[in-house]
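Chemist: Chains A and B are the protein sequences, given in the same order.
Numbering follows our numbering, with no gaps: position 69 of the first sequence is 56.
Numbering follows our numbering, with no gaps: position 127 of the second sequence is 141.
Hints listed in this document are in silico derivations from the structure and should not be mistaken for laboratory results.
Treat the hints loosely; a few may be bogus.
What the hints assert, rightly or not - Taking beta-carbon pairs under 10 Å as the criterion, some of the chain A residues facing chain B (in silico): (1) L0; (2) T38; (3) L42; (4) L91; (5) I96; (6) F98; (7) F107; (8) W181; (9) C206.
What the hints assert, rightly or not - Just a sample of chain A residues kept apart from chain B, beta carbon distances all over 10 Å, derived: (10) F24; (11) L51; (12) P190.
Said to hold, decoys possible - Just so you have them, the derived chain B footprint on chain A, three or more residues with Cβ under 8 Å: (13) 13 to 23; (14) 223 to 231; (15) 245 to 257.
In this text, a Cβ means the ideal position worked out from N, Cα and C, and glycines have one as well.
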Amino acid sequence: MTADQPPSRQWLLTLPSLAWLSVFFVIPAILVIVTAFRPADLQGGVGAGWTLATLKEVQDPAYLPILWRTFWLSGLTTLVCLALALPMAFQMARVGQRMRQVLLLLVVIPFLSNFLIRIFAWKSLLHPEGPLTKLLIGLHLIPENAVLLNHAGTVLLVLVYTQLPFAILPLYAAAEKFDFGLLDAARDLGAGPWRSFSKVFVPGVQRGLVSAAVMVFVCCLGQYVIPQMVGGTSDEMLGSKIAQRVFSDRNLPHASALAGGLMLAVLLPMLVVVIWQGLSRKEVT
Amino acid sequence: MKRSWLPVITTLGVILFLFAPLVVLVVNSFNASRFGGEWEGFTLNWYEKLWAAGEVWESLWITLKIAVSASLAAMVLGTLAAYSLHRYRSGLQNVHHMLITLPLVMPDILMGMSLLALFVLSGVETGLLTIWIAHVTFCLSFVTMAVLGRLQDFDFTLLDAARDLGASQAKAVKKVLLPLLLPGVLAGGLLAFTLSIDDYVITFFVSGPGTTTLPLRVASMMKTSRSLPMINALSTLLIASTFLFAACSSRLQRRA
Chain A
-12 MTADQPPSRQ WLLTLPSLAW LSVFFVIPAI LVIVTAFRPA DLQGGVGAGW TLATLKEVQD
48 PAYLPILWRT FWLSGLTTLV CLALALPMAF QMARVGQRMR QVLLLLVVIP FLSNFLIRIF
108 AWKSLLHPEG PLTKLLIGLH LIPENAVLLN HAGTVLLVLV YTQLPFAILP LYAAAEKFDF
168 GLLDAARDLG AGPWRSFSKV FVPGVQRGLV SAAVMVFVCC LGQYVIPQMV GGTSDEMLGS
228 KIAQRVFSDR NLPHASALAG GLMLAVLLPM LVVVIWQGLS RKEVT
Chain B
15 MKRSWLPVIT TLGVILFLFA PLVVLVVNSF NASRFGGEWE GFTLNWYEKL WAAGEVWESL
75 WITLKIAVSA SLAAMVLGTL AAYSLHRYRS GLQNVHHMLI TLPLVMPDIL MGMSLLALFV
135 LSGVETGLLT IWIAHVTFCL SFVTMAVLGR LQDFDFTLLD AARDLGASQA KAVKKVLLPL
195 LLPGVLAGGL LAFTLSIDDY VITFFVSGPG TTTLPLRVAS MMKTSRSLPM INALSTLLIA
255 STFLFAACSS RLQRRA
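The task is simple: from the sequences and hints, build the whole structure.
Modeler: Below you can see the structure in the form of structure tokens.
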């Protein structure tokens, strides 16, 4: 019966983007999981048949420190970004309309500048012959032979630098809708600036806070260019291993197994947020 | 009432933190010193070297071709997607909405990796076409979001008014809806264009021989110390064009 009916306008309008994303987003994601169960062939492709061998390989204990590093670097980056973005979003929402536009533009411009160039900028800034190293040595803040590049701290710094706009933008969007009269009320009732900030403002922008945290955390989990370019050999993250398996070892199934694990690690926090926000929406209505 | 200075100081600190590396880069592009540790005099030498580096301009041309065609495709697909998301409330649109938002939070490496798996398993040779497909895929969601924001302000009674005055549905859409949506579509397109020009990770996964886009070229230049000062010059030009783009895009969004 339904086959005789002309497709509805809704389907016609939805189909192009739906089909595109199904073919080039959903199916590839499923293929990654499937590939993890296929044997590798020597040409860097995928062989015939099915195997569980790759899953056993991935359980190599050598991955544990890398996994642990990926999580703590991502977690710490998220905390630092939120700590900087919260007061900044607070300030941005309190200034006048014109100043707001200017500040927003100032946040967006580095964010839109080329990712590699931003990493390169830090690389040359922290270079042993670079300006920051010379300045700090000149001020006797670091010893003569200090190396600022190539350790976990450098990776953290550059991670924070690249992810900060992801934290500022959603927090600003939430702060913009926040009723600042509530803060005055809290102050009138005797709360100090810190107390009214942490007990009134922070809960008020909770939704923005959660999306900022998830955004930054998830983006960090998949990083590999930053540890590769400013980190040392012992600062690899999970993404570095995936890239290595694809490009150096040309072992697609192994890379797929790692990527599949990362995909789960990304989707789980997202799922929690979706459920949590669904619940809180029901509470409101 | 006493106000804390902490938010002001943090804001200034963050702006300084965001811009300091970029400023150093721009200054060093005019610095005669190779590593830019100290100022050794003004020079345009690096720009001249960059001008003579043919492979960089070749990469720029490839990048522009992909960025223009990918953002045009994303503008068409994204506008349709935003319109149907806004117009209809149904199970289909819930799925549609989820599909549109997921790529926004998918780490680049996973997107690159999964597209590579698709192309390898289906036997498609990686090259210009695969890069274009990948770019349309990640730009689509951003354009949709930009147009959706615009649609939320759109007064749909204007369309009814046009119909009441005798316009056909097609004519009402063409003469009323599209002109009012245009700033949103263009802003989304500009965003898609910048994202496409900048993308390194996804492109790296799906590129083939002879498709070295500008970011891929920069990455390979970063490996040889001889070309480092040239990257400073190239970066300065890119940052300047980003400035221009961001200014255009924010003007578009503020209009109407």
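Chemist: If a hint holds in the structure, say so; if it does not, say that too.
Modeler: Right, here's what the structure says about each hint:
no.	hint	result
1	L0	holds (4 Å)
2	T38	violated (16 Å)
3	L42	violated (16 Å)
4	L91	holds (8 Å)
5	I96	holds (5 Å)
6	F98	holds (8 Å)
7	F107	holds (6 Å)
8	W181	holds (8 Å)
9	C206	holds (6 Å)
10	F24	holds (12 Å)
11	L51	holds (20 Å)
12	P190	holds (17 Å)
13	13 to 23	holds (count 7)
14	223 to 231	holds (count 3)
15	245 to 257	holds (count 5)
In the structure shown, a violation is registered for the earlier hints numbered 2, 3, in ascending order.
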